[in-house]
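Starting from the known structure of chain A, fit chain B onto it as the hints suggest.
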Amino acid sequence: MTFWQSRYNPQLKLSQQDLLDISEEITQAYAPNDSYMQSELVLMPVDPVTLHAYWNIKNNTISNLGTQLIMRVYSDPTLSEYPSSLNLSFDIKLSSFQGQQTVSVPIAATAYSAVIGEVNADNSFSALVTSDTIHVPRETPVTISDAVPVIDSESANTEADNTQVIWQEAMPEHSINNSEQPTQEIPMFDRLFVAEINNVPDAIHVQRENSIFPPNNNNARHQFTSTKNATAPETEPFILKNFNNQGYDLKVYANSSDSEFANILAKQESGFYISPKKSNITKLNSSGLGLY
Amino acid sequence: MAMQRGFLSIVLHAHLPFVRHPEYDNFFEETWLFEAVTECYIPLIRSLEQLHQDGVNYRLTLSLSPPLITMLSSELLQSRYIAHLNKQIELAEKEIIRTAGNPEYQRLARLYRRLYLDTLDIFSHQYNCNLLTAFKKFNALGHLELITCAATHGFLPLLNKNEAAVRNQINTGIETFISHFGFAPEGFWLPECGYYPSLEKHLKNAGINYFFVDTHGIENASESPRNGVYAPLNCGNEVMAFARDPESSRQVWSSTEGYPGDYDYREYYSDIGFELELDYIAPYILDGHTRINTGIKYHRITGQNLPKEIYQPKQALYKAQLHAQDFINKRQLQIDRLSTDMNRPLIIVTPYDAELFGHWWYEGPQWLECVLRLADNNTNAIQTISCADYLKQNVTHQVATPSASTWGDQGYSSFWINESNNWIYPLLHKAAADLEKLVLALQSSKVNPLQERALNQAVRSLLLAQASDWPFIMKTGTTVEYAKKRITDHLARFNYLLDSIKTNTINERSLSALEVLDDVFPEIDFRSFH
Numbered sequence: 023m024t025f026w027q028s029r030y031n032p033q034l035k036l037s038q039q040d041l042l043d044i045s046e047e048i049t050q051a052y053a054p055n056d057s058y059m060q061s062e063l064v065l066m067p068v069d070p071v072t073l074h075a076y077w078n079i080k081n082n083t084i085s086n087l088g089t090q091l092i093m094r095v096y097s098d099p100t101l102s103e104y105p106s107s108l109n110l111s112f113d114i115k116l117s118s119f120q121g122q123q124t125v126s127v128p129i130a131a132t133a134y135s136a137v138i139g140e141v142n143a144d145n146s147f148s149a150l151v152t153s154d155t156i157h158v159p160r161e162t163p164v165t166i167s168d169a170v171p172v173i174d175s176e177s178a179n180t181e182a183d184n185t186q187v188i189w190q191e192a193m194p195e196h197s198i199n200n201s202e203q204p205t206q207e208i209p210m211f212d213r214l215f216v217a218e219i220n221n222v223p224d225a226i227h228v229q230r231e232n233s234i235f236p237p238n239n240n241n242a243r244h245q246f247t248s249t250k251n252a253t254a255p256e257t258e259p260f261i262l263k264n265f266n267n268q269g270y271d272l273k274v275y276a277n278s279s280d281s282e283f284a285n286i287l288a289k290q291e292s293g294f295y296i297s298p299k300k301s302n303i304t305k306l307n308s309s310g311l312g313l314y
Numbered sequence: 042m043a044m045q046r047g048f049l050s051i052v053l054h055a056h057l058p059f060v061r062h063p064e065y066d067n068f069f070e071e072t073w074l075f076e077a078v079t080e081c082y083i084p085l086i087r088s089l090e091q092l093h094q095d096g097v098n099y100r101l102t103l104s105l106s107p108p109l110i111t112m113l114s115s116e117l118l119q120s121r122y123i124a125h126l127n128k129q130i131e132l133a134e135k136e137i138i139r140t141a142g143n144p145e146y147q148r149l150a151r152l153y154r155r156l157y158l159d160t161l162d163i164f165s166h167q168y169n170c171n172l173l174t175a176f177k178k179f180n181a182l183g184h185l186e187l188i189t190c191a192a193t194h195g196f197l198p199l200l201n202k203n204e205a206a207v208r209n210q211i212n213t214g215i216e217t218f219i220s221h222f223g224f225a226p227e228g229f230w231l232p233e234c235g236y237y238p239s240l241e242k243h244l245k246n247a248g249i250n251y252f253f254v255d256t257h258g259i260e261n262a263s264e265s266p267r268n269g270v271y272a273p274l275n276c277g278n279e280v281m282a283f284a285r286d287p288e289s290s291r292q293v294w295s296s297t298e299g300y301p302g303d304y305d306y307r308e309y310y311s312d313i314g315f316e317l318e319l320d321y322i323a324p325y326i327l328d329g330h331t332r333i334n335t336g337i338k339y340h341r342i343t344g345q346n347l348p349k350e351i352y353q354p355k356q357a358l359y360k361a362q363l364h365a366q367d368f369i370n371k372r373q374l375q376i377d378r379l380s381t382d383m384n385r386p387l388i389i390v391t392p393y394d395a396e397l398f399g400h401w402w403y404e405g406p407q408w409l410e411c412v413l414r415l416a417d418n419n420t421n422a423i424q425t426i427s428c429a430d431y432l433k434q435n436v437t438h439q440v441a442t443p444s445a446s447t448w449g450d451q452g453y454s455s456f457w458i459n460e461s462n463n464w465i466y467p468l469l470h471k472a473a474a475d476l477e478k479l480v481l482a483l484q485s486s487k488v489n490p491l492q493e494r495a496l497n498q499a500v501r502s503l504l505l506a507q508a509s510d511w512p513f514i515m516k517t518g519t520t521v522e523y524a525k526k527r528i529t530d531h532l533a534r535f536n537y538l539l540d541s542i543k544t545n546t547i548n549e550r551s552l553s554a555l556e557v558l559d560d561v562f563p564e565i566d567f568r569s570f571h
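Residue numbers (our numbering), protein chains in the order written: chain A, 23 to 314; chain B, 42 to 571.
In short, the hints are calculated from the structure, not lab data.
Just so it is clear, the structure is predicted and the values come from calculations on it, not from any experiment.
We put the CB at the ideal spot given by N, CA and C, even for glycine.
Derived CB-CB ranges, DEER-like:
{"id": "1", "chain 1": "B", "residue 1": "SER486", "chain 2": "A", "residue 2": "ALA288", "range": "53 to 63 angstroms"}
{"id": "2", "chain 1": "A", "residue 1": "THR162", "chain 2": "B", "residue 2": "GLY329", "range": "51 to 61 angstroms"}
{"id": "3", "chain 1": "B", "residue 1": "ASP320", "chain 2": "A", "residue 2": "GLN60", "range": "57 to 67 angstroms"}
{"id": "4", "chain 1": "A", "residue 1": "ASN267", "chain 2": "B", "residue 2": "GLU70", "range": "40 to 50 angstroms"}
{"id": "5", "chain 1": "A", "residue 1": "PHE25", "chain 2": "B", "residue 2": "LYS525", "range": "27 to 37 angstroms"}
Residues of chain B clear of chain A, computed beta-carbon distances all greater than 12 angstroms:
{"id": "6", "residue": "GLY96"}
{"id": "7", "residue": "GLN147"}
{"id": "8", "residue": "GLN292"}
{"id": "9", "residue": "PRO348"}
{"id": "10", "residue": "TYR393"}
{"id": "11", "residue": "ASN419"}
Bound conformation, chain A alone (with noise of 0.2 angstroms):
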């Protein structure tokens, strides 16, 4: 019969019939299960148009178990590899408080980012558990145009300050009833997509603050602050209904005007979606952009 020892105590010998129960008795009483300790939400990169996400919500952080539960995936262009002025945003329906899923986003060389939450019987969407930001991939060569615009951090400094954006809603209060939510600001976006739900009509002025930039990030200055000399992007989105097939409608806050718009749009597979300023859903004309 073999016997074997640890190279740490060479007094103690087992046999392998020692090593296969000891084996056995572990895997029996310590196979990794699914219990969690705590609510959480992780993204993944898998490739420059997919992401992966496993969640799991723990039950005493929801207020009710009849409502449904939404992943809400957000592009951030503050944090994304190229300057963009593009903001899109879309819905995922969930099953069940834990799980995995493969998204299909939009666009490639993004940052990303999802909350999970419940839309409350009023409409207004509680927020019960946020991801890390992460990065997709280029898909294609840089191109002259993607090159990041170099400006000098005085006058960037200068227009942020004075630059004030529109937006056409009224805010109801976020409701944020999780004790074990991080401290992340829920982004803008989740209170435009309240307002959108609720059709409040008024308009406010939000005075955009400093802070939502990173320390020296010029480029994401440049990106808010370059809007001064072109059109002000729309204050609802663009709304493309089941977004390339993929089962969401892909909320798009742009400037109907912009290049990454129109390319956005060109992949809209249906053509349907619905402007900001119509309540008519839009058939895309033969040059495919749709624009009207």
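Frame of chain A; chain B shown alone:
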């Protein structure tokens, strides 16, 4: 002397998952190592020895993964390999008798017997059962650059939910390499070429100068690469990223265009383990009744939908030589075509899995030997080089960040995370987070020797669970139950150890059993997991 216009850097990445089962007398998955030793590593050593004896000047890079390094130096596996090889010799001798009426088959049976005997001689007598000695020798001779990879070949892009897990994979891998070879590697093989921006900072901190990415990692970099994929990019911290050359890769890898599919080469799927009477072959297959490859194969690829013809070693060798010449010619043309647009000597980096050569492509080692021989021939302008040497000759490079990429199917992470294997990631991430939390809590505490052993063993358990091989196998659908069991066992052992540490109930007998079962990384220090 004219400046060299272009270089060829051939990189072999040798890796197998850590498979060592002292709890059984023999274990099927250990034959992965035995087959690779017989068919890949010793044929490679044989070729390197021949090149050395013939005075051929060449540079080749070999990445040895820490699990492979550990297995090649394991006395248990060395003794089991000799037993395995003796069975192979016995089977070849039986085959010589069985094929007595068929001279063509018998000639091949005799060839296998001679090969196995020579393999035994190289393994046992020339290198005293430890093939690392051979690689050290060729490194010392200046022909072989040795590098390594992550500790258990963890797929880093999907482990980086916890940066300590990534650092631990990198640092433990390098420490293992240093403890066996006595020097630090300059280069690092990212498992599956899995790169994500910011990984280079961990490599820099670990003392690494360069790594490899797949072609699109450089093509889609943060700035357009001025020299395409034929010069490295400086990731911004003086760590250089070299790209795989798509053209030369395709010539070897492609199932349609690649050399290994030539009709004269040996057919991998024709093996007497599946072809002969069960009673006859039983002593050489799994548990006497489950058919497996024995390594004795008599047929050549022949052609699609044709009856397999007998393997002709001389014809196959001739084809390997032709293909080597073709490979060199095409590199020459590539250098002629590209070098005019380059602002420095170009480098064609051609990385391959080492196990392709000899195992899947039986004539691969002969082809490689021939390529290295031809590259040293003065009639062409090709010179083999290691990436470390190239960086010594060409110091400054364009600064840009490669794009996240892998060399797997589709070029990203989907092979390692999909419906077949995604269940492992919440478990791996949670285990890493739990370990990091515990290590942090113990930072200022004194632990007793038993606790220290338990903590170190917990780090080993986590590392073994993180191997990229398990999700890979689950996706390929080969030995799925084994892969699932390995992950489950390692995570259970991890959970057990953490629980016993936290509750101060460490059972030394159980801990010792785990140290015997998972005998890797003997010098690991749990304190470095942060």
